[in-house]
Amino acid sequence: MATQWELKHKRLLEQAERLFFEKGLKAVTMEEIAAAAGISKMTIYNHFDSKEDLFKEITLEMVRRFNEEMSLELQRQPDTYSRLKAYFEKGFSVSKTVTPEFYQDLYDKPHLLLEIAAYKRETTVKLLTNILEQGKAAGEIQEADPAFVAMLLDVLTVGIMGLIKQGDFNHEELLDFNIKLFQFISRGVMADVRLPWEPSEAADQHQKKPGKSPDDSAGGSTVG
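Under the UniProt record's numbering, the first residue of the sequence shown carries the number 1, and numbering increases by one thereafter.
Where hints are given, some of them may not hold.
[What the hints assert, rightly or not] Once the Cα atoms are required to be at most 25 Å apart in a straight line, the calculated BS3-like pairs of lysine-lysine come out as:
#, residue 1, residue 2
1, 26, 10
2, 56, 23
3, 26, 8
4, 8, 23
5, 96, 136
6, 136, 126
7, 26, 109
8, 136, 109
9, 41, 23
10, 90, 51
11, 41, 8
12, 180, 126
[Stated by the list, open to error] Computed spacing ranges between beta-carbons, pair by pair:
#, residue 1, residue 2, range
13, 10, 187, 39 to 45 Å
14, 29, 188, 45 to 51 Å
15, 29, 71, 32 to 38 Å
16, 21, 111, 42 to 48 Å
17, 35, 97, 38 to 44 Å
18, 142, 21, 35 to 41 Å
19, 184, 23, 32 to 38 Å
20, 188, 97, 24 to 30 Å
21, 69, 5, 23 to 29 Å
22, 29, 75, 40 to 46 Å
23, 82, 23, 37 to 43 Å
Think of the hints as simulated: they come from the structure by calculation, not from any bench. Note that the Cβ used here is the ideal one computed from N, Cα and C, for glycine as well.
Generate the whole structure from the sequences, applying the supplied hints.
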């Protein structure tokens, strides 16, 4: 059973995440967060030295949550293609929930962005690398370096975050980019490419536009 503090901590992170998404790091005060979480400001400072520390913990928790949910989803997939598809869909689903303000806050704190990126390399990127390594061992992946492909995707993710932060990408454009990215990666590494495929409703409710080719009906992700 969760302790009283564990319950408060969970509520604190949930409310702080919501407020940071809605208003951004600079606009939100610790008083607002404390009031929303139903705890005192002093209680927050007993566990976090600053608002930035709380923001960092929320960002790390988002990555941890993605990794945990993705690991469970991967166990349900029968082959490498399905695992890659699930990975891209999950990442896109998560990216839709993150606001430009949140990305802006990350880019305004380069040291924090580097710390999050390092954590992702040790966790999320390894998760993707494992998918590719298992596929290679099963003969489902061509002769490619799984670690290189995974790192390439992570670099692309950071670049897309920058475009979202600047407001250059809306979710429709992000979906189209993810479709093309998934197809590019699939064609590049899969020994048996099965394209096109339709994005699941869980990933997106996107409807294919008139005049689009069948290949443009796939879904993908740049987050992970």
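Evaluated hints:
{"no.": "1", "hint": "26 x 10", "result": "holds, 22 Å"}
{"no.": "2", "hint": "56 x 23", "result": "holds, 16 Å"}
{"no.": "3", "hint": "26 x 8", "result": "holds, 23 Å"}
{"no.": "4", "hint": "8 x 23", "result": "holds, 22 Å"}
{"no.": "5", "hint": "96 x 136", "result": "violated, 31 Å"}
{"no.": "6", "hint": "136 x 126", "result": "holds, 15 Å"}
{"no.": "7", "hint": "26 x 109", "result": "holds, 12 Å"}
{"no.": "8", "hint": "136 x 109", "result": "violated, 38 Å"}
{"no.": "9", "hint": "41 x 23", "result": "holds, 19 Å"}
{"no.": "10", "hint": "90 x 51", "result": "violated, 29 Å"}
{"no.": "11", "hint": "41 x 8", "result": "holds, 12 Å"}
{"no.": "12", "hint": "180 x 126", "result": "holds, 23 Å"}
{"no.": "13", "hint": "10 x 187: 39 to 45 Å", "result": "holds, 42 Å"}
{"no.": "14", "hint": "29 x 188: 45 to 51 Å", "result": "holds, 47 Å"}
{"no.": "15", "hint": "29 x 71: 32 to 38 Å", "result": "holds, 36 Å"}
{"no.": "16", "hint": "21 x 111: 42 to 48 Å", "result": "violated, 21 Å"}
{"no.": "17", "hint": "35 x 97: 38 to 44 Å", "result": "violated, 23 Å"}
{"no.": "18", "hint": "142 x 21: 35 to 41 Å", "result": "holds, 40 Å"}
{"no.": "19", "hint": "184 x 23: 32 to 38 Å", "result": "holds, 36 Å"}
{"no.": "20", "hint": "188 x 97: 24 to 30 Å", "result": "holds, 29 Å"}
{"no.": "21", "hint": "69 x 5: 23 to 29 Å", "result": "holds, 24 Å"}
{"no.": "22", "hint": "29 x 75: 40 to 46 Å", "result": "holds, 42 Å"}
{"no.": "23", "hint": "82 x 23: 37 to 43 Å", "result": "holds, 39 Å"}
When held up to the earlier numbered hints, the structure conflicts with 5, 8, 10, 16 and 17 and fits the remainder.
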